[in-house]
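Number of protein chains: 2
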Amino acid sequence: MQPLRRADCEALDRADPLRHFHDRFHLPSGLIYLDGNSLGAMPKSVPARIARLLEQEWGDDLIRGWTKDGWMDLPLAVGAKIGSLIGAGEGETVVADSTSVNLFKVLGAALRLRPDRRVILSECTNFPTDLYIAQGLAAMIGGDYAVRAVERSEIEAALSPDIAVVMLTQVDYRTGRQWDVKQITALAHRAGALAVWDFSHSAGAVPLDFDGDKADFAVGCGYKYLSGGPGAPAFLTIARRHLQQTEMPITGWLGHAEPFAFEPGFRAAEGVGRARVGTPPILSLAALEVGVDLVREATVPALRAKSVQQTELFATLTAQELDGFGFALASPAAADQRGSQVSLRHERGWPITQALIAANVIGDFRAPDIVRFGFAPLYVRYVDVWDAVATLKRIMVERQWEQPQFSAAPTGVT
Amino acid sequence: MQPLRRADCEALDRADPLRHFHDRFHLPSGLIYLDGNSLGAMPKSVPARIARLLEQEWGDDLIRGWTKDGWMDLPLAVGAKIGSLIGAGEGETVVADSTSVNLFKVLGAALRLRPDRRVILSECTNFPTDLYIAQGLAAMIGGDYAVRAVERSEIEAALSPDIAVVMLTQVDYRTGRQWDVKQITALAHRAGALAVWDFSHSAGAVPLDFDGDKADFAVGCGYKYLSGGPGAPAFLTIARRHLQQTEMPITGWLGHAEPFAFEPGFRAAEGVGRARVGTPPILSLAALEVGVDLVREATVPALRAKSVQQTELFATLTAQELDGFGFALASPAAADQRGSQVSLRHERGWPITQALIAANVIGDFRAPDIVRFGFAPLYVRYVDVWDAVATLKRIMVERQWEQPQFSAAPTGVT
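Protein chains in written order, with the numbering used here: chain A, 13 to 426; chain B, 13 to 426.
To be clear, the hints were calculated from the coordinates, so they are not data collected in a lab. Incorrect hints may have been included.
[Said to hold, decoys possible] Taking lysine-lysine pairs in the DSBU-like style, the calculated list, with each CA pair at most 35 Å apart, reads:
#: 1; chain 1: B; residue 1: Lys405; chain 2: B; residue 2: Lys56
#: 2; chain 1: B; residue 1: Lys226; chain 2: B; residue 2: Lys194
#: 3; chain 1: B; residue 1: Lys56; chain 2: B; residue 2: Lys93
#: 4; chain 1: A; residue 1: Lys56; chain 2: B; residue 2: Lys80
#: 5; chain 1: A; residue 1: Lys93; chain 2: A; residue 2: Lys56
#: 6; chain 1: A; residue 1: Lys93; chain 2: A; residue 2: Lys194
#: 7; chain 1: B; residue 1: Lys194; chain 2: A; residue 2: Lys405
#: 8; chain 1: A; residue 1: Lys56; chain 2: B; residue 2: Lys56
#: 9; chain 1: A; residue 1: Lys80; chain 2: A; residue 2: Lys93
#: 10; chain 1: B; residue 1: Lys194; chain 2: A; residue 2: Lys80
#: 11; chain 1: A; residue 1: Lys93; chain 2: B; residue 2: Lys80
#: 12; chain 1: A; residue 1: Lys56; chain 2: A; residue 2: Lys80
#: 13; chain 1: B; residue 1: Lys56; chain 2: A; residue 2: Lys93
#: 14; chain 1: A; residue 1: Lys93; chain 2: A; residue 2: Lys226
#: 15; chain 1: B; residue 1: Lys80; chain 2: B; residue 2: Lys194
#: 16; chain 1: A; residue 1: Lys226; chain 2: A; residue 2: Lys194
#: 17; chain 1: A; residue 1: Lys80; chain 2: B; residue 2: Lys93
#: 18; chain 1: B; residue 1: Lys93; chain 2: A; residue 2: Lys56
#: 19; chain 1: A; residue 1: Lys80; chain 2: B; residue 2: Lys226
#: 20; chain 1: A; residue 1: Lys405; chain 2: A; residue 2: Lys56
#: 21; chain 1: B; residue 1: Lys93; chain 2: B; residue 2: Lys226
#: 22; chain 1: B; residue 1: Lys80; chain 2: B; residue 2: Lys93
#: 23; chain 1: B; residue 1: Lys80; chain 2: B; residue 2: Lys56
[Claimed, not checked] With the Cβ distance kept under 8 Å, some of the chain A side facing chain B (calculated, not the full set):
#: 24; residue: Leu51
#: 25; residue: His254
#: 26; residue: Thr263
Where a beta carbon is used, it is the ideal one built from N, C-alpha and C, also for glycine.
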């Protein structure tokens, strides 16, 4: 087979049905950004939207903005849009709080739906905040509530009768490996447990079928593939069949059936609105909506098709160009088993990542040895994939990563 | 005594040492805004700050913004600034989540510090979300945990040995009446309980001495007198003496001692940073900082002096101009007992409020019969106080509130 050339990538870009979306994002020239799985790039229309929100809505309308400008409706309106991206039905999704706080809420609610069981099951390599949240919840309730974290391969065998909830992240933040939501949810249900899914690394990049897969609860992040901005609010999904019985542990006034009746006792709102707690952060929510709208316009199937092509291309180019430099694929080799990222293992992963960033290729590093490359198909081009591998090759050939400035201690934000 | 005239109010404005702050806020011309206790007006410098954040920070720096632009430091940096406004010492305050979620966190932490006690004591007229949150927490822990809500006058007598925590809002959202933080905290401590304070209607308007008054925990809102914008993130304060033993019930990765070590088990950060949970909403946080900086520049004592003069003026003008129209003062008559608002009772409070809004005077209504006027001393002028009362008088004289469009069912946002 002929080796691939940059011209082949240029041809792929020309044929890309999503190519026009690249120009709708603010991307510094000369920068190759492969970290949209951590913080999505800014849609170019965000500044105008936020300027209008500030001047006309907050500035001129003041308190009237809550009704006149629809601020109060934003959590459910943007939630419905995100719901359509993850296969959730109408009225099952709301935007609120952070992913971590939302996870606390749905785990607390799920435990109440299985009152005779005491254990939250997860995998020990889950994103740490998910484990921390479950640990904190179990400790707060006390008694014999506990978190059991096992190896990925042991999840099925660990579904014993004391498991109340299985909590998993659909796309692994380090390897990009996907869980089969339908399969694991079915196993959980057969064992009498509920399934709580973290879609943080999935929403907007991977096709999901929350309803069809019979998932019970989901949470996810607004600032990765949804491009909602740094610290964008998160989402939360509750299966319709649970809505009426779901009791949130954090019961704030905006989850009340009539927040402005100012009743002394809590009465949950009818639908998923009961998962709201405090007053929503309107600036952040308005920015999130812009990103979500772009994902909806592109459609998840088209994004997934491009993402698969790009991760395949990256894996192929890595094999073609980087043979002998000590890299190993940390992500599944089969495209259908991975999300929209490819991770490489290398014992010098940290200084290599730093040298790449210095050369204007932004991926990131996860201890102990993983270099992550996220391919946000809304704005990553095929030539970016080529150029990233070419830059990595140069860094390895010239041993640039050995320069002392690249060896300072690791930091980073997922 | 001579009746007051508008010219007297103009003279007060000319003598006002804070008069220049009015021009630093975006206020629609012709509008008299007396609802800054619900949503503070926008500082004029917010749009430029946010535009820079969007274009240069999120847009250009992307993921690097977390370190390069100091995003990761914002929660503690802005928290320290707010701490200085409420008498908290260094390292006791952090910005995170919403007031409701923060209340859940500190109540959960406080209950753990009093493991032999089971009851959260509050007043039945507390802001409802505070009661809801306490109810939800007690229900989640289960067993015999409970919330006991009593009349304001019964709080002291209710401090029985089963009370773990007294939870009160320092300035009542309806009447504006203040609690004496020092006195109630001392009573709580004498009874073996902890004191959790909600400073939502106090921060930025009322002098507070969190440390000097020996308060244990506090939470508060960023979008009222701090002018942080709709749904701005909230703050949370922990007394230094409790910091090391405080275990948060919601343990997210940003409260971890080393978030980027991605350890499987939670280890709390050293200081108040342990109260962080998820990734902070940077757009909303940056806007909040602008408002907080203005309050700091004006200083709380100067703001309080003006606020007292304005609420006194409003009470005087109400008595002078509105005699015989059926209004009664719902706020304490003594200025030192009220916050920065004056509430009037009127059996037609709802249509009167609507008629006022239609006449470009924005206060708000709280069921069953309270018309609230908030005097945010950063931007409210003495002539605004005059004009508001003059407009209210006209509405009463002309019976404008009887017009049918003003009688639709109440809604509103506190």
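Now the hints, each set against the structure:
1. Lys405/B <-> Lys56/B: Distance of about 32 Å is within 35 Å: holds.
2. Lys226/B <-> Lys194/B: holds (7 Å)
3. Lys56/B <-> Lys93/B: holds (20 Å)
4. Lys56/A <-> Lys80/B: holds (21 Å)
5. Lys93/A <-> Lys56/A: holds (20 Å)
6. Lys93/A <-> Lys194/A: Roughly 22 Å separates the two Cα atoms, so the pair holds.
7. Lys194/B <-> Lys405/A: violated (66 Å)
8. Lys56/A <-> Lys56/B: holds (23 Å)
9. Lys80/A <-> Lys93/A: Holds: Lys80/A and Lys93/A sit about 21 Å apart, inside 35 Å.
10. Lys194/B <-> Lys80/A: This hinted pair is violated, its Cα atoms lying about 41 Å apart.
11. Lys93/A <-> Lys80/B: Between Lys93/A and Lys80/B the Cα gap is close to 33 Å, so the pair holds against 35 Å.
12. Lys56/A <-> Lys80/A: Given that 35 Å is the threshold and the Cα spacing comes to 26 Å, the pair holds.
13. Lys56/B <-> Lys93/A: holds (32 Å)
14. Lys93/A <-> Lys226/A: holds (19 Å)
15. Lys80/B <-> Lys194/B: violated (42 Å)
16. Lys226/A <-> Lys194/A: holds (7 Å)
17. Lys80/A <-> Lys93/B: holds (33 Å)
18. Lys93/B <-> Lys56/A: holds (32 Å)
19. Lys80/A <-> Lys226/B: Violated: Lys80/A and Lys226/B sit about 43 Å apart, past 35 Å.
20. Lys405/A <-> Lys56/A: Holds. Lys405/A to Lys56/A sits at ~32 Å (cutoff 35 Å).
21. Lys93/B <-> Lys226/B: With Cα atoms ~19 Å apart, Lys93/B and Lys226/B stay inside 35 Å; holds.
22. Lys80/B <-> Lys93/B: The hint holds at about 21 Å.
23. Lys80/B <-> Lys56/B: Satisfied, since the Cα-Cα distance of roughly 26 Å is no more than 35 Å.
24. Leu51: holds (5 Å)
25. His254: violated (17 Å)
26. Thr263: This interface hint holds because 3 Å falls under the 8 Å limit.
Comparing the model with each earlier hint shows violations of hints 7, 10, 15, 19, 25; every other hint is respected.
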